[in-house]
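*Asks:* Now for the letters of each chain:
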Amino acid sequence: MSELLTQLSYCVEFGKIDKASPYPPNLKGQEGADEIARRALDEGIKPDEILDKALIPAMAIVGDKFTKKIIYVPQMLMAAKAMSSAMKHLKPYFQSGETKRKGKFIIGTVSGDLHDIGKNLVAMMIEGAGWEIIDLGVDVNTDKFLKAINDNPGAVVGLSALLTTTMEHMKKTVEAIKGNYSGVTTLVGGAPVTMDYCLKIGADFYSPDPQGAVNYLNQFALK
Amino acid sequence: MTGKTFQFEFRDLNINVDNIERAMGYPEGESHEAIYDIVVKVMKQVEAICDLKAEYRIFNDISYDDANRRITVQRTVLNTGKIIYRQIKKSDALALFVCTAGREIEERSRTAMRESDVLEGYIYDIIGSAAVEATAELMQDELEHFMKSSDLKISNRFSPGYCGWDVAEQHKLFGLIPDNYCAISLTSSALMDPVKSVSGIIGIGPDLKRQASTCRFCDMKDCLYRRQD
Ligand code: B12
Chain A
1 MSELLTQLSY CVEFGKIDKA SPYPPNLKGQ EGADEIARRA LDEGIKPDEI LDKALIPAMA
61 IVGDKFTKKI IYVPQMLMAA KAMSSAMKHL KPYFQSGETK RKGKFIIGTV SGDLHDIGKN
121 LVAMMIEGAG WEIIDLGVDV NTDKFLKAIN DNPGAVVGLS ALLTTTMEHM KKTVEAIKGN
181 YSGVTTLVGG APVTMDYCLK IGADFYSPDP QGAVNYLNQF ALK
Chain B
1 MTGKTFQFEF RDLNINVDNI ERAMGYPEGE SHEAIYDIVV KVMKQVEAIC DLKAEYRIFN
61 DISYDDANRR ITVQRTVLNT GKIIYRQIKK SDALALFVCT AGREIEERSR TAMRESDVLE
121 GYIYDIIGSA AVEATAELMQ DELEHFMKSS DLKISNRFSP GYCGWDVAEQ HKLFGLIPDN
181 YCAISLTSSA LMDPVKSVSG IIGIGPDLKR QASTCRFCDM KDCLYRRQD
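From first to last, the protein sequence lines stand for chains A and B.
According to my numbering, the residues represented by the first sequence are 1 to 223, in order.
According to my numbering, the residues represented by the second sequence are 1 to 229, in order.
Looking at chain A on its own, in the form it has when it is part of the complex:
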């Protein structure tokens, strides 16, 4: 693999965003994910390769380290930030269709619930795994979920809830999704949610953390 891609991967794993970012200390003053991604493209490395050989594998290591409690949420977020600083250079290729993502992932916190930290973490890690994210925000009612599914055929849907009361809305939304679009895959999560609850409401998968969701989603990847 090209030396540049190895460097890029390292920058993402350790949250080196750009030249100005002081961490990690051993890379102080050196280029970060932002500059290296630009340079890689300028040197003719294919955007697909940047995504598949540097960015996605780096984020997979980050997710794995988080699950194993080697790193914690803040470092995961630094990595995600480095990843997006590289991704912005790939945007034009996504738009033109030259580079494809693994699929679309619609995510939202269910109706009546305003918590978004957990949802945002999941969205970022799934984006880091190569998916396009459609973030509907918080307090998302069933109609909004249904409309997003209608507008994005083939997308997978994630629902988040933090209270047992709002978890009830998760049930209503999942039922409506399954009733209207039986083929759509739904993932659920949030502090009070369990695998039992997931199965009871007819959702397809539950994960207590983002990495579990990423691993599950990988089987649906388009490429």
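What the hints contain is simulated information worked out from the structure, not anything from laboratory work.
Cut-off 35 angstroms, straight-line C-alpha distance, at most; resulting in silico cross-link-like pairs (DSBU-like, lysine-lysine):
| hint | chain 1 | residue 1 | chain 2 | residue 2 |
| --- | --- | --- | --- | --- |
| 1 | B | K172 | A | K172 |
| 2 | B | K82 | B | K209 |
| 3 | B | K82 | A | K172 |
| 4 | A | K172 | A | K144 |
From a predicted model like this one, the values you see are computed outputs, not experimental measurements.
Given chain A, work out where chain B with the ligand should sit, using these hints.
*Replies:* Positioned in the frame of chain A, the structure of chain B with the ligand alone reads:
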């Protein structure tokens, strides 16, 4: 019925970077240089923007139904579940409380996240949660101190949504303190607005004991925040 309201300053809370690192999951003694600096920066901001308010109201008109483990406060029946019932059934009076760290913190958190500084947004969120928890702790200290003068003790504080007490029972609690000083409103799904708010009850009586933490009563065994004491 008596009650008291409080407005605290952030520095009263004794929150330090170490506390915040623990709340973000880092084990004792483990830290991260980059994160440390951001926590310090955000904490300064929170100090300026938080609005730490608390209120308790003491109800003497209470009765117990042992068979069904229900507590009646004035005319409101609380189904606290057996764990909490056991802890407070010896109370002569109950303090109902609400606390908040204000709305600004979550707005800052959202803005930072939207402007793609997710890490900073997350740290705002964590500090906001720590601030409201510490506010509740301070209010509880004040209550304990106040009761001591009448030779009364207090229990731990218990919140709807914990230890088997249905979170929807918050509606009853807010029904008993409708015009609360903290100006917290409750949505139909029992979510408090502002989000960085806590509600609950504390028992008052001669034979009660305030334990170091309520974690021992809780059934969320692998909670990140579980305390061993
Ligand atoms: C910190 C905290 C608070 C903070 C604020 C939380 C916040 N985010 O703003 C404060 C102190 C204010 C608070 C207050 C209350 N809390 Co609270 N709180 C917690 C605590 C300890 C951590 C929550 C948290 O922020 N975690 C960090 C984030 C990043 O994690 P997360 O949101 O869970 O997301 C992760 C996973 O769940 C997953 N995930 C999330 N969404 C999705 C979606 C998909 C598709 C997938 C795959 C995965 C996934 O991935 C994320 C990253 O790992 C939890 C217990 C716990 N250990 O979880 C209780 C908890 C959420 N609280 C609870 C309760 C009851 C309350 C109160 C109602 C108590 C009260 N009466 O005062 C209030 C309500 C506040 C309100 N506004 O209405 C209950 C909720 C369950 C219930 N009974 O309804 C919990 C679960 C504790 C318990 N009893 O077990 N709380």
